[in-house]
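Engineer: Sequence:
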Amino acid sequence: MNREFLIAALKNYHAFAEEEIFIPKFLDLLLHRDAYQRDHLPGHITGSAWIVDTSGNFVLLTHHAKLNKWLQPGGHADGDENILNVALREAREETGLSDFKLLENGIFDIDIHTIPARKEFPQHQHYDVRFLIEGDKEQSLLVTKESHALAWIPIHQLVHLTEENASILRMANKLSRLF
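At position 46 of the sequence shown (counting the first as 1) the number is 46 in this note's numbering, and the numbers step up by one without a gap.
The hints are simulated quantities; they were obtained by calculation from the structure and are not laboratory data.
Remember, predicted model here, so these are calculated numbers, not experimental data.
Be aware that a few hints might be false.
What follows is a list of derived Cβ distance ranges for each label pair [stated by the list, open to error]:
id, residue 1, residue 2, range
1, Leu31, Asp136, 36 to 42 Å
2, Phe5, Phe121, 14 to 20 Å
3, Ser140, Ala166, 29 to 35 Å
4, Val159, Gly79, 17 to 23 Å
5, Gly56, Ala117, 33 to 39 Å
6, His32, Pro116, 19 to 25 Å
7, Lys66, Glu104, 26 to 32 Å
8, Thr114, Ile23, 26 to 32 Å
DSS-like, lysine-lysine: derived pairs with alpha carbons at most 27 Å apart [what the hints assert, rightly or not]:
id, residue 1, residue 2
9, Lys69, Lys11
10, Lys11, Lys66
11, Lys69, Lys101
Virtual Cβ for every residue (Gly too), placed ideally from N, Cα, C.
Start from the sequences, fold in the hints, and give me the full structure.
Structural biologist: Here it is as C-alpha cells:
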C-alpha cells in the first residue's frame, strides 16, 4: 500500500459520518513529500492495527505509557509509505505477537488526533490509518517500554475503558457489524 494506493483507497473509502471530514485532510497531507516522516509538522501519517481475536469478541489494546490511555497498537511510518506494513510492524513490536491475518482488504478506520507536545516535538496531529487484523489470543504478549500493559479487552467493556475516545468506540461499532 504505497502513497498512490493509499490515495486511491481513501478516495474509495466508505467512511462513517464522523470520518468524512478526515478524507480531504488526509489527501491534502499526502501532497507533501515528507507526509510519512515523524518530523513533518503540523502532522504526519501513522499506521495502527485494530487486533481482534478469532471470535471478534475481544480487542487487543495497549495502555500507552506516554499518553496514559488505552489505545490500539500503532505508530510512526518513519518514511515507509506502505502503511499496512507500518501497522503490522508496530503491532509486532508493541504486542510480541507474530502471526496476523488481515481481515479487511483495505482501510478499516481513519482518524486525525492531537498528540501533546513532548521534548523536542511540539503538539501535532497524527493522521492514523487503521487496519483490521486477527491475532491469536492464546499467544503470549510482550509488554514493551512503550506501554504500561497489554490486554485482550471484551468489546462490550471498551466503553468503560475508553469512554473519552470516540475513535475506539467507532471501531468497536464497526466490528460489531462484521461479526
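Engineer: Each hint: holds or not?
Structural biologist: We went through each hint and held it up to the structure:
Between Leu31 and Asp136 the Cβ separation comes to about 39 Å, which falls inside the hinted range of 36 to 42 Å. Take Phe5 and Phe121: their Cβ atoms lie about 28 Å apart, and the range 14 to 20 Å is violated. A hinted range of 29 to 35 Å for the beta carbons of Ser140 and Ala166 is consistent with their spacing of about 32 Å. A C-beta distance of roughly 36 Å is found between Val159 and Gly79, which places it outside the suggested range of 17 to 23 Å.
A hinted range of 33 to 39 Å for the beta carbons of Gly56 and Ala117 is consistent with their spacing of about 37 Å. Range check, His32 to Pro116: about 22 Å between beta-carbon atoms, so the 19 to 25 Å window is met. Checked against the hint of 26 to 32 Å, the C-beta distance between Lys66 and Glu104 comes to roughly 28 Å, which is consistent with it. At about 18 Å, the beta-carbon gap between Thr114 and Ile23 misses the expected band of 26 to 32 Å.
Using a Cα cut-off of 27 Å, the hinted pair Lys69 and Lys11 is violated, with the two alpha carbons roughly 31 Å apart. Only pairs whose Cα atoms come within 27 Å are accepted, and Lys11 paired with Lys66 is rejected, the gap being roughly 33 Å. Of the supplied pair hints, the one linking Lys69 and Lys101 holds, its CA atoms being roughly 26 Å apart against a limit of 27 Å.
In this structure, the earlier hints numbered 2, 4, 8, 9, 10 are contradicted, and the remaining ones agree with it.
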